[in-house]
Amino acid sequence: MGIRYSKVEGKFEREIVLLKSFPCAYGKCSFCNYIEDNSNNEEEINEVNLEVLKEITGEFGVLEVINSGSVFEIPKKTLEKIREVVYEKDIKILYFEIFYSYLSRLDEIINYFNEKKKVEIRFRTGIESFDNDFRRNVYKKNILLDEKKIKELSKKIYSVCLLIKNMVAHL
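Just so it is clear: in the sequence shown, position 149 is 149 by the numbering used here, and no numbers are missing.
Worth flagging that the hints you see were computed from the coordinates, not collected in a lab.
Remember, predicted model here, so these are calculated numbers, not experimental data.
Keep in mind that the hints are not guaranteed to be accurate.
Label-pair distances were calculated between CB atoms; the ranges are [unchecked claim]: (1) Y112 to S154: 34 to 42 angstroms; (2) K28 to D146: 19 to 27 angstroms; (3) K28 to E108: 17 to 25 angstroms; (4) T57 to S154: 29 to 37 angstroms; (5) K76 to R122: 36 to 44 angstroms; (6) E44 to Y112: 21 to 29 angstroms; (7) K54 to R122: 20 to 28 angstroms; (8) E80 to P23: 32 to 40 angstroms.
We put the beta carbon where it would ideally sit given N, CA and C, even for glycine.
Based on the provided sequences and hints, a complete structural model is requested.
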């Protein structure tokens with residue numbers, strides 16, 4: 001099963017879980033290896049995830065959830081368990097990944113996790129590059145950003161993930 005639970009200690013302390021999920025709704029990014037970890041078998045996904053979620057201690061009050069897609073591809077049973085753990089372990093800050101096309105649905109997750117207790121939800125998304133052409137034609141990420149969309153992102157997304165283009169020296 002590999003390592004699915006870890007801690008970041010020191011600066012920006014948090015617990016991190018790598019959960020299984022259904023495949024990403026987009027699923028066409030050229031660099032993505034998450035597709036090797038997702039599944040269409042909901043029972044298998046939940047079995048793995050519920051075991052991983054037992055590891056969470058809440059010691060930092062911060063939990064980062066990474067999965068083989070977006071928070072919207074995590075099965076309901078796993079989301080229920082995450083919420084239960086967040087409440088029980090007094091998690092104050094919860095990170096999730098989202099695919100860009102889900103920007104209009106963020107309130108669904110915020111409301112779900114704040115049903116009984118105040119939890120700060122922070123979303124991350126993969127922009128991968130500030131170069132629209134490179135992002136779309138090399139990474140196959142179907143996102144076209146202009147100033148207006150960047151401003152919208154800055155209001156809704158806590159942080160973005162960027163990939164660095166490799167520079168190859170020709171000898």
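Let me make sure I understand: some of the numbered hints might not hold for this structure. Which ones are they, in numerical order?
Going through the list in order, the structure violates hints 1, 5 and 8 and respects the others.
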